[in-house]
Amino acid sequence: MVNRRTGMTGEEKTAWLLMAPFLLLFAVFKLYPLLYGFSMSFFDRNSIKTISDSTFVWFKNYASVFSDSTTMGAFGRTVEFSLIQTLLTMTCALATALMLNKKFKGRAAVRTMFYMPYVTNLIAIGVVWNYILNPYKGPVNRILMALGVAQEQLPLWLSGNSSALPVTAAINTWVGLAFPVITILAALQEIPITYHEVADLEGATGWQRFRFIILPLLKPTLLFVLTITLIYSFKNYTVIMALTQGGPGLATNVVSMQIYADAFTYYRFGIASAESMLLTALIFLVNLLVRKVKTNAEIF
Amino acid sequence: MKTGKLIACLMVAILSGVGLYAAGNIEAPEAKRVVTTITRSSYASEEWFNKMNEAFTKETGIEVQVQVTPGTNDDHVSKVNIDLLAGSDVDVVPTLGPRDLQTRIDAGFFAALGPMTKAADLDVDSVWGKYLQRDAQGEFYSIPNKQEIYCLYYNKALFDKAGVPYPTSPWTWKDFDETTKKLTDAKQQTYGLLMRLETPSIIIQAMQKKVPLYKADGTSNFNDPAFAESLKWYYENGKIRKYQLDAKGLIAEKASWNYWATVDNMAMFIQGNWFMRLLNSQADYPHDWNYGVVAIPTSGTPESANNFVSMSYASVNKNAAHPKEALEYAVWLGKNQWRFENGIPALVNLTPEQQQLVFKSTADASTGSITVEDLNHALIDNGLNVVDTDIVGPGAAQYTQIIKEEVERYCTDQQDLASTVTRIKNRADAVLKAL
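Chains as they are written, first to last, in this note's numbering: chain A, 1 to 300; chain B, 301 to 735.
Extracted from the complex, chain B is given alone in its bound form (with noise of 0.2 Å):
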């Protein structure tokens, strides 16, 4: 027994200093460049994100490491803010929509980019200006690689079975309403439109009006009477005059983001121009009606002049493992994100050749459903100044996952609008004052 151990003792001695002197002569290769990046599992699954970060390595020798989160965008923000809470290090971090934004820079997740961008010598005010959100100190921790602007989309055939002329901006939602009407046929289920049981479709004309969301002294301003009409007018939709599905319809169709482009019998529906990439693969969405995009209506009142806009921002986590990296990743982005994905760039240093260029690429693989007009028409020059699609201030993803739970519960009969409005005026309170 004794000798064996003393075998043993005696082999493991002798690979230790074999192993201690070959690592000691191996040359050490040059160390490989990386930067780690967590992202939707849509978005992974998508050619032109891998095409993009392929780019980025040709051009930089940095290899994009993607970890990918599974589960609707909902659940990708959850899982990213627990891993982020838990002392993450991956480098650089994405976000939707300036509500998400500002609850991770609350959280202190995201590293300053001022003193970073200044010891790269990078003169960011110059590529993206006033699309940089800065807060009361001037300080910004993320850079936009694009905006999602609203528009309408319809589909022409059920416009041209119903005979009604395709919409044109600018337009009331008096017009829509009428419109919407003449293309619903109950026997034939069709719809006039679609509009999800979400923000900022269930409040979207107090929206588009800017009616403020939180008071003065910082409580819930939901008991404007704005957001009840707002509200109505969504319930009545569905319920009363039948325009679209109601709220049981779409829980039951499990009604999604990229519900819209699987259906052929629903005329209208309002989203961002991201939603032009899913119309647009007729691979992964085949359809064989064409559709057409036009500027949202308003209320023909100069308050209610708006359109909705989100971004997308990339930000350098506070506990990254490669900061330089992540900084140089996060910048490359910012400039070249919108030439993959067909988006709209956040950069105020844009030509009007570049911008064509974005919209020509569009309409070329819309396969003649849209123009490059029609495209500058709904999205730029449509007369309409910009609002946010997120509630935006203290509290904002808690508010807004209120006021959905909230609405659903109205929409599905299960309280009335009166105790909808209070509910979340009182829930929403209870939240802002906890913070």
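Bound conformation, chain A alone (with noise of 0.2 Å):
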């Protein structure tokens, strides 16, 4: 029944009375951080001195942010972080759930072990790989010497210019992987009994199965996987400031932790706030993206 004064029946009044709790947080914690960050982007809050400083200043902080090789560097290192990210989850996380489809003993125990790191603290993870993975005491360059590789040229993983970004981009796909493989494994179960077994009875290959079967009834949830992985690959802060704090050099350094260096170490909180605001529209437009190539495939 519609109330006269509100225009709402007594389920839309519910429904609104349930949802309020998160639109209140959402906005006070979101929705206006985000509001403030980008109308600080436009003004010239850049030092210590002039954090409160009003002064409008266009589209500066953004010139400055363009104009900036070591900024624009953490861009690109964004970008192949998260490709790296993508390219290893979409391809662990099939095989995995693949794998865990089959029966075998202990397929349960195995299954919880996906689960541990996802629910591990990330700074306790950082800790134990950089163990792990110290180029000069750690257990796995320990292992390569045992196994004849010469010391000058044991990998430096973590320690190494171009080994640290693919490192710390595999080490959160593993930390991650669990939602991915969850997922594709509850979609494989989901794909009738009799495919496969008309498939059995026409003399299939599992190559065929898996490329006329299973990959096309897995396409909508392959690619709902594939916008989350991109969008959890730019929530990469903690896991390099647990492993590597954008080092060596600037080897990590994405714009993630140059947001947070700018603005906590610099003051520079105009910048900060355009180079946020430049890496919200960078998720949006592959976010954007995504959707396109999922209409297009469910046209096609």
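No lab work stands behind these hints, which were simulated from the structure alone. Just so you know, even glycine gets a beta-carbon here, dropped at the ideal spot from N, CA and C. Any given hint could be a false lead.
Listed next, the stretches of chain A that the computed footprint assigns to chain B, with coverage defined by at least 3 CB atoms under 8 Å from CB atoms of chain B [unchecked claim]: (1) 129–135; (2) 159–169; (3) 264–270.
Two chains, each in its own frame: build the complex with the hints.
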């Protein structure tokens, strides 16, 4: 029954009431900071002395970001990190889900193990991986040495200029693998058994079964996982802070690290806000792109 | 329904009435005097820090409430600055080093102490004199509570093992290099020294010679060849001569502020006298070797005959909730903190006996590693003048960070020396221009 004063049914009113706590928290902790950050990106709040300065500088902060090679390098590394992580996640998650979909002894235990890193504190993960991959004392390089790898050829892992970023992305992949694995696994189990039975009758090979039955039916799930992974890969501050702090040098200095440094080391809040807005825009664009791909995939 | 509402209103009214009546009849307790301060977690967990605050409370009746910030010293500095920017009303703000002090004074965080000490009838000059950081107008915003005087620490066991005599001052960087070479044994993974990837270590020789970091026109002077020379020496010690872990090794090892106290394969290390507290604590840093101290080397020229000294300060927040108590606490720390920390006070009226007392407690705690004479010779009677450990000047905190970032890139082979110097100069100029 529609209330004459509010124009809402009782069900609608209940819905709004239930959503209210979320909306309130979203407005306070997400929307307001976003809008405040957006407005700050147009002001000259770029030193500890002028932090409350309200000089409107139009797009000067954005121009500074684009002309700063350190920040542009950070954007490049962010994209690189994201691509590595997405590629690794999609490949590993699909392979793992296919493996876990088979019946074998101890399957439940293995499934649980995949959740372990997902629920472990990232700082603890950082400490452990730093120990494991220590190029001088870590067990990995000790094993490699025992296998006959010369000391000067041992990988530097998190301390190497070219290896630090991919290794960090790989660890972040490992941390977040549980969710895509479980999602794909659930989709795999939704595939009707009759399809497989027909494939058996037709004498399809394993590859043909994967290519013509599993992959097409998994497409919507894979696109969903792709979207989530891409967004998750931009949320990389904690893992990088725990593993490399942006180093060695600037080898793992991604945008989130740069934003933190500009805001809290250099007190360039205007510039840090501009960087944040650009990162938000980048994530938004990537999301749009994936949605476009998803729509096209659904059409065809 | 109406009856229910009526009863509820009645109950609220009765409760309010009773509450107000009771509040009116309660005798207000004597207001407790408190002072709030903020500190790093590493300090808050130290016994001397808590004993010091207890002693202050016992003497003055003022309770010290400590707000603790977790994380490294850099994190602490950032968090405190953000807190102050947001209008925090914490009373006393401690600051390590003149660089961060100047940043905070420039940001207008602190109350001017001249008028406050005058109103309290305190003769600050007779107590702290030359150690007070006064601005061009003679105003000051902090009370110094200790000095950190640099010296060179050495691991006696590694010297004995290599058959190298313990170093004696005065000595030069050339002597230092020769000693380091003798102590380094790559096969045994023994290194002659540890110099962390931070200022002043990375440009120690240039800073020791007081080569200015700013030109007369206010731009960066980092293109002075002395800095490149100093950087090259640092780089080659790790990468070429292998006297110490190279930069990648230091990063992999996470060689942080207390690292030298946790290892036994690095023979020498330059640091402030505060490091003795770590070495004297077998409980926190157990080790089976003795250490020695000696004055730091110089280039052998009069302009390089300087030792690094830093200071620690307490300031009163301009928004302090308890300004009177804040001043009392800051002044008390200036006079007494060294007694609890076994530090070196920044007092001009310190008697030689008191100075000896400071060194005696440190020497006693070292359980035979060092003597009062060693400390005196390394820290006080070393024939060296004083130079700041910090870069002091406009945008100093950012300038320091830029040097650190670019030098890390140089030392991890991400760029060459010339590019490093150019990038530091350009980035620092941009920061200085924006100020």
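Checked hints:
Only residues whose beta carbon comes within less than 8 Å of a beta carbon in chain B count, and the stretch 129–135 of chain A has 3; three or more means the coverage holds. Closer than 8 Å: that is the beta-carbon criterion, and the stretch 159–169 of chain A has 3 residues meeting it against chain B, so the requirement of 3 holds. Residue count for the stretch 264–270 of chain A with a Cβ under 8 Å from a Cβ of chain B: 4. That meets the three needed, and the coverage hint holds.
The earlier numbered hints are all upheld by this structure, with none contradicted.
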